[in-house]
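Chemist: Sequence:
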Amino acid sequence: MRLRTTLTLVGIALGLALFIYLLDRRSPSPRGHETGSLNVVDLDLGTVNHLLIQNGESKVELARNESGWVLQQPLPDRADTPLIEQLLDSLALLHWEDELVNLGRGEQRKQRLREFGLFKPKLRLRIDGAGRSWDLSFGSNTAVEGRTYLRVQGKEPVYVVSSAPKDFLTRKPDDFRDHRLTPFLTAQIDRAELHLSGGLMVLHRTRDDWEMDRPIRARASDSRVADLLARINGAMIEGFADINQETMGEVSGQNQTLTLGAGDQQVELAFDGDRPPDRQLVAISNRPGAFLVNQELSRALDLHPNDLRDRKVARFNPDLVDRIGINSAQQTFTMARREDQWVFTDDHRPANPDAVNRLIQKVTSQDVEAFVADAAVDLTRYGLEPPERKITFSSYASENTAESNAGELSLCTLLLGKSENGGTYARLAEEPFVFSIADSALAGWPMNREEFQSLDLLPFQRGDLAEVTLQRPGQTAVRVSRDATGRWRKEGVAGPAADTAGIQEFLNALVTLRAERWLAPSAVPANQAPVLTITLRLRGPAAGNTITLQVGPPADGGAHYGTVSNLSGTFLLGPGEVAELERVMVAGSG
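Position 179 (the sequence shown) corresponds to 179 in the working numbering; numbering is contiguous.
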């Protein structure tokens, strides 16, 4: 090979080596990688207690206290704690994706840092916590979207990292302020004082329910109060007013102020006039300046006391009810719970649990028609002194407990008065005010003894029967009875032919007969002539006793009216039961 050719090739090789060296120095490449964690900073999030963000001439300083993060610069205020926690999470998870080392010295190093936007960085972050500090400088974005250059004071390399933390830090100072009206969760609020257009309302929460203290002492609606507090607490600040001119003491013309409390803390909100577009000014105690919220919040506060009152007739825990007493001029009776059964206390007959539960459900779920009077004065005017009917719900303890003594404890006493203009006046003995209940609603309440009787009409066994007689108007009676051997026979028929399958089916249907429901006396038409009369003669301990079952004409829906001689009242017997009795009656008389 010629010397000239050799020198040319050596020159080309040297040139390529120099080009690669210069390219490597100017491009972000993984040089001098250190082993170990790729985290830019090793943060223990639980110990970080101070942040200082320097973005050009703007400074945002944040500190953590017992209740969360607070803003110290550019003004003292509550900080947006979830936002700060999100920023810290992004820093704790920040990994470097590339690092640049060997940046040179002197002017060469300065020039390289200028290229990365890190010679005099505009954006810096100081993190303090648990005796350690970190200073981070954020530079220019790289050519790769979503990546930026970053330096950590005390470390040599320039890192290439996600630009997500940088996007957080370049927000406006107001973005770091708490955008909530209160620092509480809605479930933590336990008292409220509302000065609204409808007057002053003071409410407090007991362990289970809300109560109204002013303007009257009354039950408050748990759902309505919870909804109102959720709307107040869920309203977000949409803007910040001029902090140098509009402070809480300067908000004028206030017609709505709220004080909300949770434990030892409370916050006062004062609403001022409208601010276009569709916003309203609100000042918040212990916070500087004033804030802008949507006008919808102010509209939600257009309330009167009755808007927040509990409109249910009564409020008590149905699971605690062990006794129900009903008193009227016509009848007085009491029902008691015996384990899983309800019985009448005077004769210990079983009561219909469905009717008992229906009464409890009606009383606790029915809305009042109107609030009539806020003080229990002139009760005779409403037919409440004395009441026309009294319903008492109580619990019973057989032994003393830490909460109460043995005996009966009244949970609620409902007094019903006279009916007027489609409503019945009522009040609770435990509360002072008078309200009305729609008569149409009361019509569905079981309140007479007859309506609480068990649906089992003939509470005995087939073995208790000695004789059964069936009689239709204008027809010959059919009688079946036991013979000396205990076999059933029809009168006038001897031998095995009398013990027919029809008679057995009839007896089975008879002793399992159940009513659809008992009727209030007012719901029973007059002159219910029976279409079928069944007379039963008993044997055994009740030998000689008779019970008469009468089936009357059909009512609306196909059910028949019925009565039993040993029970008071009228019931409805389903069309299926009546058809079964008629079918087997024909079989038994054939």
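There could be a bad hint or two in this list.
Unchecked claim - Simulated pairs of lysine-lysine, DSS-like, Cα-Cα distance not exceeding 30 angstroms:
#1 K59 <-> K110
#2 K155 <-> K312
#3 K166 <-> K155
#4 K390 <-> K418
#5 K59 <-> K122
#6 K120 <-> K110
#7 K110 <-> K166
#8 K312 <-> K172
#9 K155 <-> K120
#10 K312 <-> K418
#11 K155 <-> K110
#12 K172 <-> K122
#13 K155 <-> K172
#14 K390 <-> K362
#15 K166 <-> K122
#16 K122 <-> K155
#17 K110 <-> K122
What the hints assert, rightly or not - Computed beta-carbon distance windows for the label pairs:
#18 K122 <-> D264: 39 to 45 angstroms
#19 A329 <-> T206: 33 to 39 angstroms
#20 R132 <-> R191: 41 to 47 angstroms
#21 V144 <-> R224: 33 to 39 angstroms
#22 D439 <-> T334: 47 to 53 angstroms
#23 G234 <-> V202: 21 to 27 angstroms
#24 N421 <-> S481: 30 to 36 angstroms
#25 R231 <-> G557: 29 to 35 angstroms
#26 K59 <-> R214: 23 to 29 angstroms
#27 D167 <-> K59: 16 to 22 angstroms
#28 A329 <-> R191: 42 to 48 angstroms
Hints in this document: simulated from the structure, not taken from any laboratory.
Since this is a predicted model, take the numbers as computed values, not measurements.
Glycine is no exception: its CB is placed at the ideal position from the N, C-alpha and C atoms.
Chemist: Is the distance from the Cβ of R132 to the Cβ of R191 consistent with 41 to 47 angstroms?
Modeler: Holds, since R132 and R191 (Cβ atoms, about 42 angstroms apart) stay within the stated range.
Chemist: Within 30 angstroms, alpha carbon to alpha carbon, are K390 and K362?
Modeler: The hint holds at about 15 angstroms.
Chemist: For the pair supplied as a hint, K312 and K418, is the alpha-carbon distance within the 30 angstroms limit?
Modeler: holds (19 angstroms)
Chemist: Hinted pair, alpha-carbon criterion (30 angstroms max): K59, K110. Please report holds or violated.
Modeler: holds (25 angstroms)
Chemist: So if I understand the rule, the pair passes when the alpha-carbon distance is 30 angstroms or less; does K312 with K172 pass?
Modeler: Not OK: K312 and K172 at ~50 angstroms, beyond 30 angstroms, violated.
Chemist: Is the hinted range of 47 to 53 angstroms satisfied by the C-beta distance from D439 to T334?
Modeler: Once the Cβ atoms are compared, 26 angstroms apart, the range 47 to 53 angstroms for T334 and D439 is violated.
Chemist: May I ask you to test the hint 21 to 27 angstroms on the CB atoms belonging to G234 and V202?
Modeler: holds (22 angstroms)
Chemist: Next pair to validate is K166 with K122; report whether the Cα-Cα distance is within 30 angstroms.
Modeler: Distance of about 11 angstroms is within 30 angstroms: holds.
Chemist: Between R231 and G557, does the C-beta distance stay in 29 to 35 angstroms?
Modeler: violated (46 angstroms)
Chemist: Need the status of pair K59, K122: alpha-carbon distance at most 30 angstroms?
Modeler: holds (11 angstroms)
Chemist: Need the status of pair K172, K122: alpha-carbon distance at most 30 angstroms?
Modeler: holds (14 angstroms)
Chemist: Quick one: are A329 and T206 within 33 to 39 angstroms, going by C-beta?
Modeler: At 37 angstroms between Cβs, range holds.
Hints 2, 8, 21, 22, 24, 25 and 26, counting from the list given before, are not met by this structure.
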